[in-house]
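Please model the complete structure; the sequences and the hints are all you need to start from.
So the protein sequences, as listed, match chains A and B.
Residue numbers for the first sequence follow our numbering, beginning at 1 and rising by one.
Residue numbers for the second sequence follow our numbering, beginning at 1 and rising by one.
Simulated from the structure, these hints should not be mistaken for laboratory data.
Be a bit skeptical, because a hint or two may be false.
Intra- or inter-copy, both count: the list cannot distinguish identical chains.
Here are the simulated EDC-like pairs of lysine to aspartate or glutamate, each with C-alpha atoms no more than 20 Å apart in a straight line [stated by the list, open to error]:
(1) Lys83 x Asp164
(2) Lys142 x Asp131
(3) Lys15 x Glu66
(4) Lys83 x Asp131
What follows is each chain in one-letter form.
2 protein chains.
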Amino acid sequence: MSEEVDVIIREAIPKDAENILTLLDAVSKETSYLLANETNQLTIEEEAEYLLMSNDSPNSLLLVAEVESKIIGIASITASKNKRIEHIGDIGISVLKDYWGLGLGTELMEELIDWACHTEIMRRLELTVQDRNERAISLYEKLGFITEAIMSRGAKTDSGELIDVRLMSRMIN
Amino acid sequence: MSEEVDVIIREAIPKDAENILTLLDAVSKETSYLLANETNQLTIEEEAEYLLMSNDSPNSLLLVAEVESKIIGIASITASKNKRIEHIGDIGISVLKDYWGLGLGTELMEELIDWACHTEIMRRLELTVQDRNERAISLYEKLGFITEAIMSRGAKTDSGELIDVRLMSRMIN
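Pasting the structure below:
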């Protein structure tokens, strides 16, 4: 990270719910790179409940990045309760544009991977990213993710254009 | 289909809920090939509500196959309400073992594809299948699905073995 910005990364707690929703809303207005699973449709109460559940879950993690008590980024691993796929963590990372280029995405991803490596349960991390989002793809590659598929028409832009989505994964041993 | 079995394929309605749950339960006991999204965790009321919603949805379809008023198979297309991915239909097909080898899987899949082709909204169908399920894969290939990825460790068997899952898709024009 740059010396000038003091960022705290910590696990989210239920009372972060409102600030997390505010962040997600801001991020979704700044970028057209988000996929559906990263856009927010929860109420504050639902988000708080989700955070409580996530805190108790052995295969979910939600981190927030704070600058002067303001949440400026989040990073998450979510996984199913179902035994057949409980070992698969779905990765999501969102950072406010003002804080891009400081290495925060890398730092958040490293924290997620490190957490996964210290669990018993996680054996695979996966993510989807719009194939035109080269910046994100190169970050994921740097951290050991490989491309498993280019999913044709995996997303639709606001103007209705069908675009490719890349499926990437990283094994956890 | 064989001449000996008279099968009716029709769209499911809310009062099929209990019989559909019974079928899903029977199928999940017969095979270890199901992935998590095909296993059932709904109550009868929730399933009925889901069927009502599905009937009203422009991008979801649930078909049942009946023999003498008994539901012996189901086939579904489910899709998100989210605009970014509303054009992507997720395919699921389950048939009781007693009725395998009669071409019912093919018939159900053809109905799903035909329905998708007659909508405005659907542009991509996708499915995941355990990579060891050669029988299903060859059915999907016959109907125009191509392999987009072999997802390493995409599922875990009941004995804890991590196995590969194949992601397949078929474009709808």
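Run through the hints listed earlier and report the numbers of any the structure violates, in increasing order. none
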